[in-house]
Every structure is written in C-alpha cells, then in structure tokens.
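Student: Start from the sequences, fold in the hints, and give me the full structure.
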Amino acid sequence: MASSDSPARFESRGPTVPQAGLEATSRSLIRRRVGTWTSDRVARLVFIWPAISVVLFLSIFPLVVSLYLSLSRLQLTSSGIKIDFRGLVNYQSLLTGTEQSHFLGVFRTPSPLGWAIFTGVGLLAAWGLVSSVRGRTSPLGLVLRAAGALFLLAITWLFVESVFAPGGRPGALFVTIVYVFAGMGLQYLLGLGLALLVTQRLAGRRLFRIVFLLPMTITPVGIAYMFRMLTDTGKGPFVPVFDALGLQDFTWVNDPWGARIAVMIGDVWQWTPFMFIVLLAALEAQDHEIVEAAHVDGASGWQAFRYITLPAILPVTTTILLIRMIEAFKIIDLPNILTNGGPGTATESLTLEAFFDWRTLNLGRSAAVAYLLLIVVTIAAVAYVNLVRRRVTTNA
Amino acid sequence: MSLRRKAVAYALLIGWTIVVLFPIYWLAITSLKQPIQVDSGPVYVPFLDFKPTLDAWKYILVDLQNDTLRPYVNTVVVGVVSATVALALGSTAAYALVRFEYRPRIGVVALFIGSLALALVAMALGAPAEIAIGGSLAVFVILVQTIGRRFRRALGNSDVAFWLISQRMLPPVAVVIPIYVLFQRVHLLDTQLALIVTYVATNLPIVVWLMRDYFSTIPIELEESAAVDGASPFRIFRSIVLPVAVPGLVATFLFVLVFAWNEYLLALFLSSANAQTMPLTVAAQNATRGPQWWYMSVLIMIMIVPVIAMTIVLERYISRGLLVGAVKG
Amino acid sequence: MRNGWSMRGAGLVASLSLIVTACGTAATPSPAASTPASVPPASAAGSPSAAAQNFAGVTVNVLTFTGPQIAEPLQRRGPDFEKLTGAKINVVTVPFSDLYQKILTDISTGTNSYQAFVFDPQWMGDFVAPGYLLDVSDRVKSDPVLKWDDIGPFFRDFSATYQGKVYTIPLDGDFHMVYYRTDILQKDGLKPPATWDDYLAIAKAEQGKDLNGDGQPDYGSCISMKRNAQAYWFIYSIGGAFIQTQGTGQGAFFNTDNMQPLVNNDAFAAALDIYKQMLKYAPPNQINLDVGDTRGLFTSGRCALSLDWGDIGPLAVDPATSKVQDKVGAIILPGSKQVLDRSSGKLVACDATTCPNAVDGINHAPYAAYGGWSGAINAKIDPKIQDAAYAFLAYMSAPEQSNTDVTIGKTGFNPYRTSQFSDTSLWVKSGMSETAAKNYLGAIQASLQSPNMILDMRIPKTQQYQQVVLDQAVAQFLAGEIDRDAAMKQITDGWNAITDQEGRDTQLAAYKASLGVQR
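Chains as they are written, first to last, in numbering that gives the first Met the number 0: chain A, 0 to 395; chain B, 0 to 328; chain C, 0 to 518.
I should point out that these hints are in silico values taken from the structure, not numbers from a laboratory.
The reader is advised that the hints may include incorrect statements.
Below, simulated DSS-like cross-link-like pairs (lysine-lysine); rule was C-alpha separation at most 30 Å, straight line [unchecked claim]: (1) B/Lys57 <-> C/Lys87; (2) C/Lys428 <-> C/Lys326; (3) C/Lys190 <-> C/Lys275; (4) B/Lys50 <-> C/Lys428; (5) C/Lys203 <-> A/Lys234; (6) C/Lys140 <-> C/Lys379; (7) B/Lys50 <-> C/Lys345; (8) C/Lys87 <-> C/Lys409; (9) C/Lys186 <-> A/Lys234; (10) A/Lys234 <-> C/Lys279; (11) C/Lys326 <-> A/Lys234; (12) C/Lys186 <-> C/Lys322; (13) C/Lys279 <-> C/Lys186; (14) B/Lys57 <-> C/Lys82; (15) C/Lys87 <-> C/Lys379; (16) B/Lys50 <-> A/Lys234; (17) A/Lys234 <-> C/Lys409; (18) A/Lys81 <-> C/Lys511; (19) C/Lys437 <-> C/Lys190; (20) C/Lys275 <-> A/Lys234; (21) A/Lys234 <-> C/Lys208; (22) C/Lys511 <-> C/Lys140; (23) C/Lys164 <-> A/Lys81; (24) B/Lys50 <-> C/Lys326; (25) C/Lys511 <-> B/Lys50; (26) C/Lys409 <-> B/Lys57; (27) C/Lys322 <-> B/Lys57; (28) C/Lys326 <-> A/Lys81; (29) C/Lys275 <-> C/Lys379; (30) C/Lys164 <-> C/Lys140; (31) C/Lys437 <-> B/Lys57; (32) C/Lys326 <-> C/Lys146.
Tutor: Put into structure tokens, the structure is as follows:
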C-alpha cells in the first residue's frame, strides 16, 4: 500500500510554493486586464456552461434513482417495475448481516504484523492531527480531519483483521482496496520510468512510445480474455515454463493471493500506458533548457530530476493518481473474466459484487454496494485532494 | 550519455516492449489457429509448430461481413465524435477554471438541490411533471432573486472541478438502468447519438482535469500580451492557448477516444440492433460453447488497428519543442 | 404502510421518467416500435398453419444471444419463412451473459423493442407472473405443423409449461449426460459409470495417464467448476440422484410442503463430498474451468470422463475441434443406490418404495439443467405480430426444420423430439459413425424417457437462488473457504431468506406450479 505514495510528494512543497505564488499574481493580473473586455462575462459563461450542463443532464437522475433503489427492493409487475421501500435493509445486510463476510470479510485477531501496521497507521494519523492543530486549520477543518482520521483507523483495523490475521479473509471491499493501491503505485512508477526513458535522446524512441501505448488500445473485456488465455495453466503459453520449474500441479487459480496477483498483473499491463502517456506529455511540455542549464551547472541527473523535473510534473501526477484511483475502484472486467471472482470469493471486487447482484435483479443490494463504494471513494478523494493535491498545485 | 547507461536504458525499453508485445503476439497467432490447436496445449510459431489457417479471419470478415462492419462503423463514429466533442467542451471548461474565477454560492446550490427535491416530492405525490418542474423552477428563481444575495459563503473553482470528477465515482452498474430509462423516454435508444451523449458526459470530467493541469503550465505572459493587443478571450484561447497545449490535447484526446472506443456496459444497454459497438461483439464470442478464442482474437486485432494508426499519426504532436518554440516566438 | 410506500416509490420512478420526457425533444417515433401503420388483412386469420397465413409487412424482432449457436438457424431460416409468409424476421443478438437483463429491461420499462425471445425457459418464473409472456396453449395443441405430441413429454409437459399453460416452444433439448472415452475404457476393461462411485473409480484409474498419445499425463475427469459459470448446475447433476426419486413432480430443490430447501441433509452432503473428490482426478485448475475449457480438453483427448450438455456429441465429430472422433460414448447421468429420506434427512437404501423408478437398484435422475433454448412471445404487442412471431417459432420447431437442425453442430440445438431418435441417417450424414450415433441417441433417449427427470428451478428470483446463493457457496466450498456443513447452512439460510422476502406462500405456489403439482 505504501508504494502508492510516490517518493516525491512530501518533499515537494519547497519548490512549488513560490511557483504557485507567482501564478496567483499573474492570474490576478490577467483578471484585471481581461476584466475590461466587454466579452469577458460572456466568455466566463460560454466556456464552462456547456460542460456543466451535459454532466448535470446525465448525472442527477441516475444519482437520485440509485440512491432510492438502494433503499428498496424491486419487484416485477404487469405494469412494469414496483419498488418497495425497505429503508436501510440492504445496507444492514452488507455491513452487519448475512452478506458481511462477503462484503467486508471474515475477521480474526490480527497477527503481530497486523498489529504493527495498525499501530503505524495510528501513529501517522495522530501525527497528522497534531500537526494540523499546530497549524492554522479552522475548527471545522479540524473536526473533519479528526473524522477522517477515525475513518482511516476503522478501515485499517478491519483491514488488518481480515488480511493480516490467521483465519481471516478479506471481503470485496478490502480486495478492491488492495487492487487500487497496489495497482496504482506500480502503474505510476512504471509509467514514470518509461516516460523518462523515452524522453532520453535514444534512437528509436518514437517506436517505443507507440509500442508502449498499445495496451491502452485494447478493449478491457478483450484484455481480460487475453489474460485468461495467457494465464491458463493447461493450454497457455507459459505451461512449459511452469513445467520446467516443476510446478505442473501448482496453479495460481487455487490460491487466493495467486489469483489476486494475476488480476493485478493484468491491471498493471492495461493501465500503465495511461500513466505513461499523461506523464510523457507533461515531461515534453517542460522547458528543457532549464534542465540542460542545470546539467551545465554541475547538477547530477538525480538532482535535476528532483528539483526541476519532478516539481514540474507534480500537478499532473496528482491528477492522474486521482483519476486512476477513481477508475481503479471500479475494477470489474479482469476479475470477472479471469476467475469470475473465484477461487471462492477471493478476487471479487466491489463493482463485481454489485454486478452479480444486478445481474440477478437484486437491484436494491446492487445499488447499496455501489453507494457504499461511492462513499469510500468520495472520502478517499476528498482526503487526497485536501492533504496532497492542495500542497502541490493551486487548482486543486 | 555513457555507453553503459545507454545499454541499461535499451535493456529496460526492450524488456517492457516484450512485456507489451508478447500478449499481442499471442492474440495474433491465436487468430490463425484451429480450435483444436488452441485446446491441445500451447504452440508458438506458425508454420514451425502448427499449420496456420485463415478460417477465423474468413468467418469474421467474409461470413459475418455485415455483422462485423456495422458495429465497426458505429465504434469509429461514436468514438471519434464523442472524443472530439468531449475534448472541445472539456478543454474550454478547463481553461475557464484555470483563468476565470467562479464563486458559486453555497446557498444557491442548496436552493437548487432543494427545488429539485421539491419537484420530486411533488411528483411523488402525483403532480404532473410539467407543473412540478415549472413550479419548482419558479420557486428557485424567486428565491435566488430575493434571498440569494444574502449568501456569503461561496465555493471555488476547485469545488466545481471536484464535483465534475465525482461524477465518475459511481460504478456503471448503478447508473446504467436510469440512463436507459432516460434515453428510452426521449426515444433515442439504439442510436449513435445516445452513445455519443453518454460518452461525452462520462469523459468530460477527465478532460477537464487533465487539461486544467496542462493549461496551468502555460506561461501567462503570452495571453497577457495578446490581451493588451485587444484580443478577445475566445481568440486568445483559439489561437494562443490551444496551439501551445497540443501535447496535452493529443494525450487527452487519445485517452478519451480509447475510453469511448472500448466501453462495454453502457453500450450494451443503449444499443440493440443498429448501434451496437465492437466491445459487444468481442464479449459475445463467449457464448454457450465457451470463449471462441480464435474469433475473439481476430476481432481484437481489427479493433486496435485504427487506434494504433491514430496513435502513430498523433504521437509526433506529443513531442518536445512545440511549447518552447512558442514561448520564444 | 409498506404498501403505501411502494406505491409512492413506483410513482417516483414513473414521474422521474416523466421529467425526462418533458426535457426531451418532441417525441419521435421509437425506432424499435416498427409496427407498420397498415397491416394487410390476413388471408386466413385464425388458421394455425404458417404457410396459410399472410404476414406481409410485419416485422418480428427476435432477441437471442450472439451465436453462431441458436442464432444461426434463426438467421438462416428467417428468409425462408419470409418467402413463405411475408413476415420479416429480424434476429437481434446480444452477448450471452447479458441476455436476461436485456430482455427484462426491455419489457419491464415498456420499451417492447422485441416481439419474440429465444431464451432459457428457466426465466419463466420471473416472466410469467407479471404477464410478460403470451399463453400459447391453444395454439400449440391445434397446430398441425408443430406436431406438439412429437416433442418429448418432459419438454412438452414440464419445460414449456407453467401452471398448466404453455408459454414457450422448445427448440432445443438440454440436459446433462456423462461422456466417456470408449477407447480408453475398453483398453482398461472398464464399464461406463452407473453410479457416482463408479465415476470416481474410473476417474481415479485414468488420472495421470497419457490418454491422447502426446506423452503428457492427462486427467481422469473434466468438469466445469468455475464460479459464476456452470458449477452450480453440476452439483445437482450429482445430487439429483440422491434427492429425487418419485418422478419429476417431486422436485429436487424444495420440500413441496413448506418450501424448505432440500439442502441441509445427508444427500446433499454426499453430493458435495463427491464433487470435491472430483477435484483430485482432474486438471489442477479445474475450479477455474468453464464448459468451454472442459469441452476443449475433452475433445482434444485430455480427459477420460466429462459431464456436460449434449454439445459434446457434435463437437466430438468435427475435425476442426476434435481429436477423438468415434472415441466418445455418452450415457445417462450416473445414479445412486442410496437416496434421501425426506422426513429424517438421512440416506436410505433403494428399494421398491424408496426408488420406484430405479433401474437395477440404482436411482437415476437426469437433470434438465437450463432447460433448452425455447421461443417465447411478448404478451404486450400487437396481436398481428404475435401471430407472426408464433408462426415463426412453430416453423422453427416443426420436424421438417428441427430434425435437420439438431444434427448440425453449429446450431447448438440438441434433440428433443421423438422422431429425432428414430432415424440415424441424418446423424451419420453429419459425420458420426452408425455406432456412435446409436450410442449418443441412446443416452439422450434414456434420459428423456426417464420419468424421474429433474426440472430446473424456475420460480421468481431463480437467478438469485442459483447464481448468487448456491453458486457462491459451492465456489467457496470448492476453494476451501468454507467446509461442507457451512456450505449447506449458507445455502439453506440464503434460500430461506429469499423465500421469506418474496413471501413463502407465493414462492411455494410458484414452485408447485412449475412442477405441475396442482394440475
């Protein structure tokens, strides 16, 4: 999980703050001048409203309907659909009822490693709170941060109780969280590394760039089937490799973590190009003369990266991590096609759980899973924007 | 760069190239296999250890001619149009969020949500839709005009942006039925337009977020000097900002194109006979007799060709020099 | 109180839809509702014979999954039917996995883009009660083209029928059989399995031997045990023989007195044990194999035994898919010498009272899993189009057409008519040897004629009972997440929860109706 924190993020405040200040000044500058235009007011509206209204049109209705569905149960009648209002039944069954082991997992006393992780996260949360008390955070902000820290602690506790505990078993929520953070971290590091490599002056770099984008062009359903072919231990291409290693009778599909890792490999293959293309565009947009000047002044490659390149790509970095996080929480095709959520329920993600319910017309519970997912993602995203993104860019 | 570093760099690049290309190679040779050659264990090189056949290609391209062509055309139209529109709407909004300041008042937003709820309650109690919507709109306008000015607390640009991106948080299974009903009511089911509108709406937030970052890296001096010369914001945006932001625009375009090109669940519901797209055709190859790997491989191969072609054409715009040159010029 | 809410709920959704209408532009005609304004008068309305009717100008949209199976014959014969009657047949296909949702969304929202469906009759439970499907009882019985009485009694009286009324026209016969390699069993002096113990013994004997001459060790038995695929059907292929003894009407899923699941007992426990033992004599990744994988393994000669629908028959004779032409035998599902005593939940030995249908002291219960693709007609459309849709489905099912189609591998149609067993010549023409054809048809006939065939579950929310609760518990049991008793408890509790939510009496009535108990 820790791998998702790019090593750069925390030290980035120094170099970016002056830049941000500069931008703020220029912004007010242009506002003063632009403000004199007669078309200014028109432009303000024309630039933003088309986008807002398209999104509004297609988002409000589904949002309200899903919320209502999650509080009810669906029945088919001759006039169509009848929706019985049932209150929080669907949520209750997921969080404390019959579906708990499926949604949250099976909990046991954590192992020492689990305790260590929990303590670590606890200390981190405490440190964050203390420093925001010392800082100039408003009272409301403090309350929100305390609530966020409590939420983090609760999630971490359930996480170690199910993952780092003998006899425990993570449910769809924690499996999804593992997919999200492990996948994101790997994809970012790979994407950044590859983008840095192809911006070097190497022969054939354009060819590599195009090749590296290829996985993105394949439909996710197709990628999932392709990985099912590749990972098949009976007729896939790696069968001789397994045999040579003496693993004829081992197969990843029988092992929960083996299957989860297979899903994550597919996910990394599929989404690394996304990180790659966005970071590549950001790297290409920066001013190379500064980097070269730094080299002339005797800066090492690392120093140039650390103090020039990294600050320049940080805003985009935080954006793609946010977008990728939101998208990764919705992972479905790979676990659905690779293992259909198996072995047992080991690879089932939240969206897949919602999909299974949805497919069998349990729209109420499906919507409840989706809404719980929405809540988790929203909290994660708000925390991320406030704690990380606001520090590295002005337009958080 | 020293020779050793170069060697390491090439080793890494070639290593990842193999990781990327091997699965695609496997698809390519699977499309040349008979079912029995797939089922009886792995074979790797055509002619060397199995006899290739074009049966699967013939089945998809000749026997199913129209059933392949129709979704193919749909995919191209829906993908390109929706990506273009999303890019147009999204980049203007992104520019606006970078250069203008918006302060939607919390009170007004709350009033809007309240009026919406009012309309819903009214309709749930049996009021006709037109009256309920019209009435609550009127209430909204009156309230904004009378007490709207008293609200002080306002949201900022970042909140607008966050609201936009939050529209992607619900998984598609939760929104697909409501969206289906929506398009059914306006009689747009099974049309390319329905898919285009949906993909524009779902991809806009991504465009806005990515482009915001690219725009904010553009030095403001360029725009200022144009503003001094009396150019309108529209003109500045079109002839100064957009050209400079080409790498970001291209990357973003490719990205949303791929999203629309490959989307499955919404396409499944919004289309039936006429507007089906290729991802449905790919998924359909897993039917009662299990995945038809050979057909599926053919379909995936023909599906990625146009995107690759577009990538090759557009890739050069994601290259260095443009921005630097523009600043100097 | 709850009722009031539900009314309001329905109102809410309806009115939300209205907002949308209000926002929408002027109502353009739906492309789907392609009812022509002027339908020429039928020359002989009421006459059941397709050939005698004139449906010129009528278009029938038939929804099924993307073939070639099932869709291919519909598409191929559509133009012939149009020449015959003038009705245009438009076959619309969607991916197999999403067919159910697609049909349901279309009807329940009142879109009605499709006039006929070729689907799984298991879904009748959900579709008949709200009145989505047209009752075709009178039509089929008086139709000289369809030859209703030629259809196997199980498909006619149980599969197509709900509450004594006919709602679907069978196009395909679906049930499980065991397939074995005739050459391997002969070589090792083994007889085809009659009981599940025999099955396990053969699988054990063949596991690890080279069965296709490539020098690699092969597998005793290959069964699809993938989650959310077919694993939840195969457990009942095994358990059925232990649970159901008194004929189809007894039912294998619930006690017809109180709707209690027939799961928490020794019979189901025995089935689970056998199921898990099969993992030992199988490909190591069996819990991730679906029928596509097991069929590939079997036809490439890598398995001695398999459990499957009728599809292996035609697949095994096709040189593009098979290395085992003329080496495949089929036999009715193995049975059991011990059966469930429903009052005590214990297993008792088979005798004349406990197993009236036993053969040689072994109780067989062939399982009509899924139930065979069948045609049904949307009840909410123009009667004229309903007539045309019915005529087309009857035409497809009529012996002249179907007796050829069932012998063609790619149609995916399996035999379901008595006349399809009498003549082996069509089968020989399709590539089977005379012996293989006799063997294959013999196994089908033995299953079809069994009075103890198991009717698949078809009550409201069937998909939740089977695809969610049963499937998940079986998958967790196979993967070792839970043990046998926990699996049985989980299924029992899960099923009871759905039953109670839907209303126990309603569900019991529906279950009895599906079994034809009240007739």
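Student: Next step is simple, just say for each hint if it's right about the structure.
Tutor: Quick rundown of the hints versus the structure:
About 28 Å separates the Cα atoms of B/Lys57 and C/Lys87, which keeps this hinted pair within 30 Å; it holds. At most 30 Å may separate the alpha-carbon atoms for a hinted pair to count; C/Lys428 and C/Lys326 meet this at roughly 18 Å. For the hint pairing C/Lys190 with C/Lys275, the CA-to-CA distance comes to about 23 Å; that is within 30 Å, so the pair holds. For the proposed pair B/Lys50 and C/Lys428, the alpha carbon gap of about 28 Å is at most 30 Å, so the pair holds.
With a C-alpha separation of about 22 Å, the suggested pairing of C/Lys203 with A/Lys234 holds against the 30 Å cut-off. For the given pair, C/Lys140 sits about 22 Å from C/Lys379 by alpha-carbon distance, which is consistent with the 30 Å threshold. Between B/Lys50 and C/Lys345 the alpha-carbon distance is near 57 Å, which puts this suggested pair outside the 30 Å criterion. Among the hinted pairs, C/Lys87 with C/Lys409 is consistent with the structure: their alpha-carbon atoms are about 23 Å apart, no more than 30 Å.
With a C-alpha separation of about 27 Å, the suggested pairing of C/Lys186 with A/Lys234 holds against the 30 Å cut-off. With a C-alpha separation of about 19 Å, the suggested pairing of A/Lys234 with C/Lys279 holds against the 30 Å cut-off. Under the criterion of a C-alpha separation no larger than 30 Å, the hint pairing C/Lys326 with A/Lys234 is consistent with the structure, at around 22 Å. About 18 Å separates the Cα atoms of C/Lys186 and C/Lys322, which keeps this hinted pair within 30 Å; it holds.
With a C-alpha separation of about 23 Å, the suggested pairing of C/Lys279 with C/Lys186 holds against the 30 Å cut-off. As the CA atoms of B/Lys57 and C/Lys82 are separated by approximately 29 Å, the hinted pair is consistent with the 30 Å bound. Straight-line distance between C-alpha atoms of C/Lys87 and C/Lys379 comes to about 19 Å, which keeps the hinted pair within the 30 Å bound. Restraint check for B/Lys50 and A/Lys234: the C-alpha separation of about 17 Å stays at or below 30 Å, so the hint holds.
Pair hint A/Lys234 plus C/Lys409 holds up; C-alpha atoms about 24 Å apart against a cutoff of 30 Å. Pair hint A/Lys81 plus C/Lys511 holds up; C-alpha atoms about 24 Å apart against a cutoff of 30 Å. The suggested pairing of C/Lys437 with C/Lys190 holds, with an alpha-carbon distance near 17 Å, which does not exceed 30 Å. For the proposed pair C/Lys275 and A/Lys234, the alpha carbon gap of about 23 Å is at most 30 Å, so the pair holds.
For the proposed pair A/Lys234 and C/Lys208, the alpha carbon gap of about 18 Å is at most 30 Å, so the pair holds. Distance hint between C/Lys511 and C/Lys140 is fulfilled; the C-alpha atoms sit about 23 Å from each other, no more than 30 Å. With a C-alpha separation of about 25 Å, the suggested pair C/Lys164 and A/Lys81 falls inside the 30 Å cut-off, and the hint holds. Distance hint between B/Lys50 and C/Lys326 is fulfilled; the C-alpha atoms sit about 24 Å from each other, no more than 30 Å.
A distance of roughly 56 Å separates the Cα atoms of C/Lys511 and B/Lys50; the hinted pair therefore is violated under the 30 Å criterion. Between C/Lys409 and B/Lys57 the alpha-carbon distance is near 16 Å, which keeps this suggested pair within the 30 Å criterion. For the hint linking C/Lys322 to B/Lys57, the alpha-carbon distance of about 23 Å falls within 30 Å, and the restraint holds. The straight-line distance between the Cα atoms of C/Lys326 and A/Lys81 is roughly 54 Å, outside the 30 Å bound, and the hint therefore fails.
Between C/Lys275 and C/Lys379 the CA atoms are separated by roughly 46 Å; this puts the pair beyond 30 Å, and the hint is violated. With a C-alpha separation of about 11 Å, the suggested pairing of C/Lys164 with C/Lys140 holds against the 30 Å cut-off. A hinted pair counts as satisfied when its Cα atoms are at most 30 Å apart, and C/Lys437 with B/Lys57 does not qualify at roughly 35 Å. Between the alpha carbons of C/Lys326 and C/Lys146 the distance comes to roughly 35 Å, so the proposed pair goes past 30 Å and is violated.
Checked against the numbered hints above, the structure violates hints 7, 25, 28, 29, 31, 32; every other hint is satisfied.
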